[in-house]
Amino acid sequence: MKIYTRRGDEGQTAVIGARVSKDDVRVEAYGTVDEANSFVGDAIARMRERDGQKYSDLIEVLTQIQQELFDVGSDLAVVKGKRPYKITAEHVDRLEEWVDRCLQEAPSVKKFILPGGTPVASSLHICRTVVRRAERRAVTLTLNDEINHEARRYLNRLSDLFFALARAANAREKIEDIQYERGREVFR
Amino acid sequence: MKIYTRRGDEGQTAVIGARVSKDDVRVEAYGTVDEANSFVGDAIARMRERDGQKYSDLIEVLTQIQQELFDVGSDLAVVKGKRPYKITAEHVDRLEEWVDRCLQEAPSVKKFILPGGTPVASSLHICRTVVRRAERRAVTLTLNDEINHEARRYLNRLSDLFFALARAANAREKIEDIQYERGREVFR
Amino acid sequence: MKIYTRRGDEGQTAVIGARVSKDDVRVEAYGTVDEANSFVGDAIARMRERDGQKYSDLIEVLTQIQQELFDVGSDLAVVKGKRPYKITAEHVDRLEEWVDRCLQEAPSVKKFILPGGTPVASSLHICRTVVRRAERRAVTLTLNDEINHEARRYLNRLSDLFFALARAANAREKIEDIQYERGREVFR
Ligand code: B12
Ligand code: B12
Ligand code: B12
Ligand SMILES: C[C@H]1O[C@@H](n2cnc3c(N)ncnc32)[C@H](O)[C@@H]1O
Ligand SMILES: C[C@H]1O[C@@H](n2cnc3c(N)ncnc32)[C@H](O)[C@@H]1O
Ligand SMILES: C[C@H]1O[C@@H](n2cnc3c(N)ncnc32)[C@H](O)[C@@H]1O
Ligand SMILES: [Mg+2]
Ligand SMILES: [Mg+2]
Ligand SMILES: [Mg+2]
Chain A
1 MKIYTRRGDE
11 GQTAVIGARV
21 SKDDVRVEAY
31 GTVDEANSFV
41 GDAIARMRER
51 DGQKYSDLIE
61 VLTQIQQELF
71 DVGSDLAVVK
81 GKRPYKITAE
91 HVDRLEEWVD
101 RCLQEAPSVK
111 KFILPGGTPV
121 ASSLHICRTV
131 VRRAERRAVT
141 LTLNDEINHE
151 ARRYLNRLSD
161 LFFALARAAN
171 AREKIEDIQY
181 ERGREVFR
Chain B
1 MKIYTRRGDE
11 GQTAVIGARV
21 SKDDVRVEAY
31 GTVDEANSFV
41 GDAIARMRER
51 DGQKYSDLIE
61 VLTQIQQELF
71 DVGSDLAVVK
81 GKRPYKITAE
91 HVDRLEEWVD
101 RCLQEAPSVK
111 KFILPGGTPV
121 ASSLHICRTV
131 VRRAERRAVT
141 LTLNDEINHE
151 ARRYLNRLSD
161 LFFALARAAN
171 AREKIEDIQY
181 ERGREVFR
Chain C
1 MKIYTRRGDE
11 GQTAVIGARV
21 SKDDVRVEAY
31 GTVDEANSFV
41 GDAIARMRER
51 DGQKYSDLIE
61 VLTQIQQELF
71 DVGSDLAVVK
81 GKRPYKITAE
91 HVDRLEEWVD
101 RCLQEAPSVK
111 KFILPGGTPV
121 ASSLHICRTV
131 VRRAERRAVT
141 LTLNDEINHE
151 ARRYLNRLSD
161 LFFALARAAN
171 AREKIEDIQY
181 ERGREVFR
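Chains as they are written, first to last, in the numbering used here: chain A, 1 to 188; chain B, 1 to 188; chain C, 1 to 188.
Keep in mind the hints are simulated off the structure, nothing from the lab. Everything numeric in this text was worked out from a predicted model, so none of it was measured. Glycine included, each C-beta is placed from N, C-alpha and C at the ideal position. Since no wrong hints were added, every one of them can be taken at face value.
Simulated pairs of lysine-lysine, DSS-like, Cα-Cα distance not exceeding 25 angstroms: (1) C:110 <-> C:174; (2) B:86 <-> A:110; (3) C:54 <-> C:174; (4) A:82 <-> C:111; (5) A:82 <-> C:110; (6) B:111 <-> B:174.
Which chain A residues stay away from chain B? Per the calculated CB distances, all over 10 angstroms, these: (7) 7; (8) 8; (9) 10; (10) 52; (11) 57; (12) 77; (13) 80; (14) 91; (15) 174.
Partial chain C-side listing against chain B, Cβ under 7 angstroms, derived: (16) 11; (17) 44; (18) 66.
All chains should be built: construct the whole structure from the sequences, respecting the hints.
Shown next as structure tokens:
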């Protein structure tokens, strides 16, 4: 197996259905999804280190999300018309169900919370914010090209899920989230 | 509590005082501050894991910084004129004092050092570089719109503080920073 | 030692040979290399935590890479003509040798793998994707200015090395990489 092909040495690269500059917003978009996915891998690794048992349900959810982030990535990598999209509204609905389930585990808050807590929770907040960056890049792509609308909605809801997962993780370890003091009540 | 409102599904979102595209430089700026803040949360989590006692003073400083990064974030989120800014020159002065205090703990160096050392120090170097990214995004925002000048200075000085904190953390664990060999003396 | 000079407070900063805006693509490029380097520092820290012995060869390789990322960074920081470049084709060749050696340790795969596994492997996947971001920024710089071609090739190959390192790390801990299910065979 040879993974380096030297074909990217001139700053151009292959997407599905075309050849573009690595500076292209499309490459930036799925590249950021790939980065987000790596942080999800790290969150899983930390859950396993900490106590696989305690987090087995969340590890399962996150592993499925890793698979789906590849679906998102290939939807963003494909030049329109080249093949059917993979992410559908059902994927987004399922994320919403998970958000609801996770938030039930944690006491409700009215104010912003400091991103942190246990190593697992802090890594979930990192996932949250990197996924939000990926969403912003997908939005930038939208302004330049047609993309799978559901893939973008998926990223939007996924960052909410990471917020919920971080709160659930802290709740499971009996760690209270610290509120942002100088803010007003922002959550309803 | 329902955190997903589905209002961001079309790629637009709310800032304080307006509705903008998620591709907007303002959203990019405070979104990056949020990301930096999550890495600060991770640095704190690692300090607690390693030995809360040994780092209690730094945990306190970093927790205050997490609060202040929300102040920075809301200053960047607010469309000019909508409300008074939160970050002032005094915040920046305090950062400078902390920089001085932390650097005193570590042997002085003349050359660049490799970002790393203990898990705590390496995570502080990550904070340093992500805060620098946030500063660059705040500068980009400045070129497009008026922002709180002190918030940008705050980010600038904060990355210096993370450099100092990383060095202090390694010093506390008796780890010597490795110098960049092929460079010249850059620090005075 | 005073590291804050307050000279960057107005959003301008020094590169080697000029003064530019912090919004400049050049600053973004070496700033991202600095960020990538910090994640490399974290990968090393995790290897040491886990079992320095088991990873001593990889720690050595990664420490050399940290040195070389400063070479890359200074090549990107220098305005053309100001001084000779540091990174050469030989550096890239050596990366390719390391890729080959690392991939031999892991069973070959045909499909994409989920970025993750052990804490060491997941941090190497983070390095992989942040280095790819640095490569994209170097490509953007190329479109605006002349840069050291070999520094860009170095970044390209370095992300392949992190893929190989992540696979080797999992193999050493007898962790099987999970394949992306809904994809086709992509590796030859
Ligand atoms: C997109 C992409 C990525 C994305 C994945 C996006 C996502 N899903 O998230 C990201 C950025 C993650 C990625 C990462 C990597 N990638 Co990549 N990637 C690609 C790329 C461009 C497309 C792969 C893909 O998904 N193809 C989709 C399939 C379905 O497309 P296809 O096989 O061409 O199928 C088409 C046709 O055959 C037809 N078709 C398919 N099936 C059928 C069936 C029928 C019946 C019909 C009629 C037609 C048909 O339709 C398809 C669409 O046109 C390929 C290059 C390329 N153009 O193939 C490189 C490629 C696979 N990647 C490569 C590499 C090296 C990597 C990395 C190791 C790079 C790195 N250093 O990080 C990593 C590995 C990541 C991992 N975790 O395993 C190399 C592999 C080299 C090799 N040894 O063979 C490739 C070949 C690029 C290259 N260098 O030339 N990659
Ligand atoms: C900026 C912002 C962020 C920033 C915070 C910036 C920072 N400080 O760093 C960031 C990016 C971090 C963020 C993150 C999140 N956010 Co947010 N955020 C907002 C936003 C746009 C503003 C919140 C804010 O600070 N308001 C400032 C207060 C002071 O403004 P205000 O309440 O409108 O007050 C105004 C007036 O009332 C008046 N006023 C106030 N007080 C007084 C007093 C007097 C006397 C007078 C006369 C006037 C007056 O002046 C103010 C300015 O106009 C709101 C949407 C919105 N427009 O409210 C969402 C919002 C609060 N966020 C939301 C969500 C979901 C999140 C996240 C969970 C998203 C995610 N998946 O990551 C995270 C949670 C982060 C956390 N750690 O807790 C949701 C909450 C939904 C809900 N359940 O209610 C909102 C409502 C957006 C939405 N979807 O509609 N967010
Ligand atoms: C590029 C750069 C960086 C890059 C490094 C790039 C890389 N290699 O990856 C990055 C982004 C990583 C960085 C980070 C930091 N940096 Co810096 N950095 C610089 C910068 C712009 C250039 C440094 C450099 O490499 N110079 C290269 C040398 C060779 O250049 P030179 O000494 O000017 O040499 C020239 C001439 O003298 C001549 N020359 C040299 N040798 C010879 C020999 C002969 C015979 C002849 C004829 C000519 C000659 O040619 C050279 C080219 O013109 C300087 C500012 C500046 N312009 O010097 C700041 C500077 C060194 N950084 C500074 C700081 C504070 C930092 C950080 C702490 C910031 C932070 N908060 O993160 C970190 C520390 C990082 C670490 N790990 O140690 C400060 C130091 C302040 C101080 N106390 O003195 C400086 C001075 C900037 C400032 N604020 O004014 N930095
Ligand atoms: C909670 C708040 O976060 C902001 N917001 C919404 N989407 C993103 C994103 N992808 N990245 C950063 N910030 C975002 C909006 O201002 C929203 O109101
Ligand atoms: C130490 C050096 O780092 C660069 N520099 C200054 N501010 C930033 C930033 N926010 N991000 C990246 N690099 C920066 C300048 O080149 C400075 O001289
Ligand atoms: C494996 C695939 O990854 C994409 N690719 C190549 N270089 C980069 C980069 N620096 N960042 C993100 N994606 C990249 C191309 O589409 C390539 O085919
Ligand atoms: Mg390549
Ligand atoms: Mg939302
Ligand atoms: Mg400075």
